[in-house]
Amino acid sequence: MKETQEESGTRGKERNIRKRDRYDDVESSACSVLFRVFRFLLRSWIASLVLACATAARAQGELSGQAAIEWRIFPQQAISSEQQRSYLSVAVQPEYHYKWDNDKQSFTFAPFARLDHHDKERTHFDIRELTWLKAGDGWELRLGIRKVFWGVTESQHLVDIINQTDLVENLDGEDKLGQPMVNLALIRNWGTLDLFVLPGFRERKFPGGKGRLRTTLPVDSDRAVYESKRGRGRIDWAARWARTFGDWDVGLSHFHGTSREPRLLPGADSGGKPVLIPRYDIIHQTGLDLQWTKGQWLWKLEAIRRTGQGGQARKGGRYTALTGGFEYTFSHFAGSRVDLGLISEYLYDERGEKAATPFQDDIMVGARLALNDAQSSEALFGVIVDRHTGASFLNLEASRRLGNRWKFSLESRGFAGVRRADPLFGLRRDSYLQLELALYF
Amino acid sequence: MKKILLLLTLCLWPLSVLAQNPEEKGLEIAVEADRRDAGFKDYVADMAMILKNKHGEESARLLRVAILEVNGDGDKSLSIFDEPRDVNGTALLSFSHKAGTDDQWLYLPALKRVKRIASADKSGAFMGSEFAYEDISSQEVEKYTYKYLRDETYDGQNCFVIERYPVDRYSGYKRQLVWIDKAEYRTLKTDYYDRKDSLLKTFTAKGYKRHLGKYWRAGEMLMVNHQTGKSTRLEWNNYKFRTGLKDADFTQESLKRAR
Numbered sequence: 001m002k003e004t005q006e007e008s009g010t011r012g013k014e015r016n017i018r019k020r021d022r023y024d025d026v027e028s029s030a031c032s033v034l035f036r037v038f039r040f041l042l043r044s045w046i047a048s049l050v051l052a053c054a055t056a057a058r059a060q061g062e063l064s065g066q067a068a069i070e071w072r073i074f075p076q077q078a079i080s081s082e083q084q085r086s087y088l089s090v091a092v093q094p095e096y097h098y099k100w101d102n103d104k105q106s107f108t109f110a111p112f113a114r115l116d117h118h119d120k121e122r123t124h125f126d127i128r129e130l131t132w133l134k135a136g137d138g139w140e141l142r143l144g145i146r147k148v149f150w151g152v153t154e155s156q157h158l159v160d161i162i163n164q165t166d167l168v169e170n171l172d173g174e175d176k177l178g179q180p181m182v183n184l185a186l187i188r189n190w191g192t193l194d195l196f197v198l199p200g201f202r203e204r205k206f207p208g209g210k211g212r213l214r215t216t217l218p219v220d221s222d223r224a225v226y227e228s229k230r231g232r233g234r235i236d237w238a239a240r241w242a243r244t245f246g247d248w249d250v251g252l253s254h255f256h257g258t259s260r261e262p263r264l265l266p267g268a269d270s271g272g273k274p275v276l277i278p279r280y281d282i283i284h285q286t287g288l289d290l291q292w293t294k295g296q297w298l299w300k301l302e303a304i305r306r307t308g309q310g311g312q313a314r315k316g317g318r319y320t321a322l323t324g325g326f327e328y329t330f331s332h333f334a335g336s337r338v339d340l341g342l343i344s345e346y347l348y349d350e351r352g353e354k355a356a357t358p359f360q361d362d363i364m365v366g367a368r369l370a371l372n373d374a375q376s377s378e379a380l381f382g383v384i385v386d387r388h389t390g391a392s393f394l395n396l397e398a399s400r401r402l403g404n405r406w407k408f409s410l411e412s413r414g415f416a417g418v419r420r421a422d423p424l425f426g427l428r429r430d431s432y433l434q435l436e437l438a439l440y441f
Numbered sequence: 442m443k444k445i446l447l448l449l450t451l452c453l454w455p456l457s458v459l460a461q462n463p464e465e466k467g468l469e470i471a472v473e474a475d476r477r478d479a480g481f482k483d484y485v486a487d488m489a490m491i492l493k494n495k496h497g498e499e500s501a502r503l504l505r506v507a508i509l510e511v512n513g514d515g516d517k518s519l520s521i522f523d524e525p526r527d528v529n530g531t532a533l534l535s536f537s538h539k540a541g542t543d544d545q546w547l548y549l550p551a552l553k554r555v556k557r558i559a560s561a562d563k564s565g566a567f568m569g570s571e572f573a574y575e576d577i578s579s580q581e582v583e584k585y586t587y588k589y590l591r592d593e594t595y596d597g598q599n600c601f602v603i604e605r606y607p608v609d610r611y612s613g614y615k616r617q618l619v620w621i622d623k624a625e626y627r628t629l630k631t632d633y634y635d636r637k638d639s640l641l642k643t644f645t646a647k648g649y650k651r652h653l654g655k656y657w658r659a660g661e662m663l664m665v666n667h668q669t670g671k672s673t674r675l676e677w678n679n680y681k682f683r684t685g686l687k688d689a690d691f692t693q694e695s696l697k698r699a700r
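Residue numbers (my numbering), protein chains in the order written: chain A, 1 to 441; chain B, 442 to 700.
If you're looking for bench data, these hints aren't it; they were derived computationally from the structure. Quick caveat, the model's predicted, so the values are computed rather than measured. Even for Gly, the Cβ is constructed at its ideal location relative to N, Cα and C. Keep in mind that a hint or two might mislead.
Stated by the list, open to error - Derived pair list, reagent style DSS-like, types lysine-lysine, alpha-carbon separation capped at 27 Å:
1) B:LYS493 x A:LYS294
2) A:LYS104 x B:LYS553
3) B:LYS615 x A:LYS134
4) B:LYS630 x B:LYS539
5) B:LYS466 x B:LYS588
Stated by the list, open to error - Selected chain B positions facing chain A (Cβ under 10 Å, derived; list incomplete):
6) ALA486
7) GLY530
8) ASN678
9) TYR680
10) PHE682
11) SER695
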């Protein structure tokens, strides 16, 4: 139903977009200046890399990383016949780190690749990190591709916006695609100010037709539509100020650019089959993240105000969302060396049932268990329940080290009571169990 | 008049020493030990942590530690983990305080996330070892109250034996018995008593070496848990003092790029 409404509104929106293109021209001339600056910085970066290699003998290099084999089992029959019940895949992420200049400069390269048994979209390659870092007195400059995390809450990460989510990796949104950037951090007594110029937009990756954990209609990323006429070439920017005041950690951020979160509109692929087409709007997002650490308590809040999502002319394109709650830790639980943490968070989105997120008025409760043993055995369980429909999203993550180099992880996510109007409806039969064995080197 | 006062003071001085109660003497020993270690400014060292379970099976962790002395407050420390490999790059930033709980931030490299953690969990095991966070964090005089017990010979050295009581209600201990050598005021042994006042752990330190002609640091530390039969051995290497570390090297930003 919702998807059809989206479609009828599309034509009107296109007109608005054309109007905005003129306004975008001013922006694009500013962009071209930024682009030239970026090109210059890129050149100096390459030059410094060459220099770095020349001084290699005097510096320290380190190769580390991980390789993992993963098995996902879906107990329920899929919606589509091309989807499977068992998926095997392997992933590798080596990392080369090299530092010199008394650790004031470093270079990091971390490519990532996954090979999936069935889903050709999940078989993917990405450069997670390719960065040159220079640390000065009260400032740090980073140039290249990397990942940045903002925020404090556990159930979802609203404020975190720099990187695109690597959705084929995991549903939890914690795996990210490497983002090209110039990042200058000013570290002063009034706090840390991070400035970002973000050239090169990364499209969200979606599972393919043969993959599970996808929308009922598969997403055709090749047909993605952009509000910016520069498409993926638009240069975005962001800034964040963060400071610690005693027990309080505060962060204030702003992002202007192409939304990392596309709207999914119904369309057809090149063969005429019905698919969903991602549409990326230009948005402004202001974010606040706050944590109060007192005794055994952690109190957390993340809030965002976003405009432009769903087109700037649309009323629904302006909204507030927040996540807030606490984590309380019982150390030496019941006289043992086990730590037990209880977590609860409230998830809110002003758009209510119209929200693209399933978490518009939901409560999360969870528990974190750390055995504090030599194998660092730990588990995290959480359930997010919709206050109106009762739909629940269950999560379990547990891991244990084997020897010194191996780690075994178990992950399970489940969906219960998901109704037709819920954005999680496509996943209603995709509850799964995942076993992973990883080798670290 | 002044001379009479001085004379009077000199006469009464031994009396005042005699009158010193065990609490005052205990505190005096702790203050002296603290005074002797003051002024080191900063140091870095490599640490190997060897965990041994009751069956004698061992597993190792390798980390690098940097400490900054803070005038008027507890020290700042930054610990970077190299092994086991799955925690490679994980780092912990700690600001210890003379009063109240310490501030701690943990950097998780896979998520690129800095997490402020509840340091009220000070009695929790550090990296699954027999050392609690409070055992390895900076030992400030103000964190305990004291009582001198007796003189005793330990490992062939003349020692003071003092008892100390943690001030912080989040501490995992009721009391600790500490053996401090009279010659250099180094901690040679500590018995830890849990909240129920039963003997929980014994700490011993050996292989002390003097740095910059003044600052004693142990080469090996051992913590034995009497209740579980497990133990943890710390081997310290490559101590370097006064490396020129500053406050700016102990921030959430430096935590992110420490590795």
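Results of checking the hints against the structure:
no.: 1; hint: B:LYS493 x A:LYS294; in the structure: 34 Å, violated
no.: 2; hint: A:LYS104 x B:LYS553; in the structure: 19 Å, holds
no.: 3; hint: B:LYS615 x A:LYS134; in the structure: 48 Å, violated
no.: 4; hint: B:LYS630 x B:LYS539; in the structure: 23 Å, holds
no.: 5; hint: B:LYS466 x B:LYS588; in the structure: 7 Å, holds
no.: 6; hint: ALA486; in the structure: 16 Å, violated
no.: 7; hint: GLY530; in the structure: 8 Å, holds
no.: 8; hint: ASN678; in the structure: 17 Å, violated
no.: 9; hint: TYR680; in the structure: 18 Å, violated
no.: 10; hint: PHE682; in the structure: 17 Å, violated
no.: 11; hint: SER695; in the structure: 8 Å, holds
When the structure is compared with the earlier hints, violations turn up for hints 1, 3, 6, 8, 9 and 10 and for no others.
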